[in-house]
Amino acid sequence: MKPVVEVHNVGMKYQSLNGEITALDNINFSVNDGEFVSIVGPSGCGKSTLLSIISGLIFSTSGTVFLSGEKVMGTSPKIGYMLQKDHLFNWRTIYQNVMLGLEIRKNVTPSTKEHAIKLLRTYGLYEFKDKYPNQLSGGMRQRVALIRTLVTDPQILLLDEAFSALDYQTRLVVNDDIYDIIKKENKTALLVTHDISESISMADRVVLLSKRPGTVKNIYEINLNCDNRTPLSSRETPEFRHYFQEIWKGLDVHV
Amino acid sequence: MSMFNMKKDSVSYRAQLSGISPEHKDYLHRVRMEKIFVRVIQLLIFCTALLLWEICANAKIVDPFITSQPSRVLKTVIRLYVDGVLFQHIGITCLEAIVGFVLGTVLGTLIAIMLWWSEFLCKVLEPYLVVLNSLPKIALGPVFIVWIGAGPAAIIVMTLAISLIVTVLEVLNGFLTIDQEKIKLVQTFGGTKFQVLTKVLLPASYPTFINALKINVGLSWVGVIVGEFLVSKAGLGYLIVYGGQVFKLDLVMTSVIILGVAATVMYQGVVYLEKMLVKNKT
Ligand SMILES: Nc1ncnc2c1ncn2[C@@H]1O[C@H](COP(=O)(O)OP(=O)(O)OP(=O)(O)O)[C@@H](O)[C@H]1O
Ligand SMILES: [Mg+2]
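Chains as they are written, first to last, in the working numbering: chain H, 1 to 255; chain P, 1 to 282.
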């Protein structure tokens, strides 16, 4: 199977008047179709930078990223990017927020509108479509943000600490919700997180980055023994703790 | 699919509304009484001040020739009205103020957009903006008169000069404080710079615009009155200067009072506009 995302020898140096910061150094990994990959690493190791490079928002100073074999030269409709906060615009209704990406891509047609309505209906937000974001709870807002990304029909989802703004309980529920949606819609996902448990509970593979300059320190295949896997049920499997300990050791945190 | 507490909340809220508890009723009553009380006191202060002013002037405790008095102000208004010039003076001043106000806000916003668009331009123009912002614009009055001629055009330019730079800086600052992540969001969808402007910057700057409008209402009146002091042959500012020169303090007081009313009405207009827009947006 051909990988959907290939990161090939990617390095990134930021220039500033105070000098040069090497954020990433020689990163290599790939993501297969339909796979869920988590990236964990210490603060400031270049995780956000890596996602920005994959999305084509910024360009690496060395190496190449391929999406389905094509070199990344700029932002691509194949990619949906979810940021840390939902960034719903409070001057737009839920429906108008969901339509943002389609408006920008000048792709508002009867069929895309219908798709948006269908997604809102499927994920329990239809009756809120004419409300404004501040009338919704944090978990619902995060789901709206996901739908806003999904209506543009991306093949690959990049999630940059997409759940870290939520409180713990909500976060567990939203993990399940979003995992469910991603699997149902058959998307490939790349999740950046600080949270080791979260990374294991959702992913097929976990990529561990070292502290700055970020390099791939290890890649863990996650094989959990449970039927009907969900992030919540993953956390209850016997293997979970084992992976947690291994990644924790790999992170090598000193306090 | 889980969290529908939003909906539950609004249901229980409605339930509360239908069966108001005695405590809540009490509370609402207290709030209403306090509001009425404040209004009464305000009205009382106003009437007392007018009355005192009138009595002191009548009893010659103060010289009504210098301080004028409410009854004389009223007479002056009526006289101006009978002469058919009252609304002419008010009209021309308001027109100048509104034109200056609208131009200042619109041009200021356009310039701010240009400066945001080109970081290079912004860097180049920064020292000029600082100087222009610090300079008391009133000093430019005589220059405008010579260049443009003593007329309403010069007054409008004066008004513009006073409000323009402030608007530019206010709006630009508003743009720069907008969350960069919101801009990034538009870019992740492949948005262009123009789309960043129309989808994020302008709508997100809505409170900034209202703020700029409020500031400009005040500034444009300053500009208009200074302009009229310098050049005009009509308008409230003209009446004030003229009244001062010929020692008709009744005329001066009357004009100042009308000015106060007009400026308040315009400010309230902006507040009303804000309320209208907010109602549509939340
Ligand atoms: N635009 C930039 N210019 C200069 N340096 C930058 C820029 N963006 C990021 N950096 C630096 O690059 C390094 C990696 O940043 P990045 O945001 O990718 O890390 P991160 O792993 O996402 O961190 P966090 O876990 O805190 O989100 C940091 O040290 C940061 O200071
Ligand atoms: Mg980050």
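Derived from the structure by calculation, the hints contain no laboratory data.
A quick note: this is a predicted structure, and the numbers were derived from the prediction, not measured.
Among the hints, a few may not be true.
Stated by the list, open to error - In the DSS-like style, the derived pairs of lysine-lysine whose C-alpha atoms are separated by at most 25 Å in a straight line are:
no.: 1; chain 1: P; residue 1: K182; chain 2: H; residue 2: K78
no.: 2; chain 1: P; residue 1: K248; chain 2: P; residue 2: K60
no.: 3; chain 1: H; residue 1: K78; chain 2: P; residue 2: K184
no.: 4; chain 1: H; residue 1: K113; chain 2: H; residue 2: K2
no.: 5; chain 1: H; residue 1: K85; chain 2: P; residue 2: K182
no.: 6; chain 1: P; residue 1: K123; chain 2: H; residue 2: K71
no.: 7; chain 1: H; residue 1: K183; chain 2: H; residue 2: K78
no.: 8; chain 1: P; residue 1: K60; chain 2: P; residue 2: K123
no.: 9; chain 1: H; residue 1: K129; chain 2: P; residue 2: K182
no.: 10; chain 1: P; residue 1: K35; chain 2: P; residue 2: K25
no.: 11; chain 1: P; residue 1: K184; chain 2: H; residue 2: K85
no.: 12; chain 1: P; residue 1: K60; chain 2: H; residue 2: K106
no.: 13; chain 1: H; residue 1: K113; chain 2: P; residue 2: K184
no.: 14; chain 1: P; residue 1: K25; chain 2: H; residue 2: K78
no.: 15; chain 1: H; residue 1: K71; chain 2: H; residue 2: K13
no.: 16; chain 1: P; residue 1: K75; chain 2: P; residue 2: K248
no.: 17; chain 1: H; residue 1: K249; chain 2: H; residue 2: K217
no.: 18; chain 1: H; residue 1: K106; chain 2: P; residue 2: K182
no.: 19; chain 1: H; residue 1: K71; chain 2: P; residue 2: K75
no.: 20; chain 1: H; residue 1: K106; chain 2: P; residue 2: K184
no.: 21; chain 1: P; residue 1: K123; chain 2: P; residue 2: K193
no.: 22; chain 1: H; residue 1: K131; chain 2: P; residue 2: K182
no.: 23; chain 1: P; residue 1: K182; chain 2: H; residue 2: K113
no.: 24; chain 1: H; residue 1: K85; chain 2: P; residue 2: K60
no.: 25; chain 1: P; residue 1: K275; chain 2: H; residue 2: K129
Legend entry - Those earlier numbered hints the structure runs against, lowest number first: Of the numbered hints, 4, 6, 8, 12, 14, 19 and 24 do not hold.
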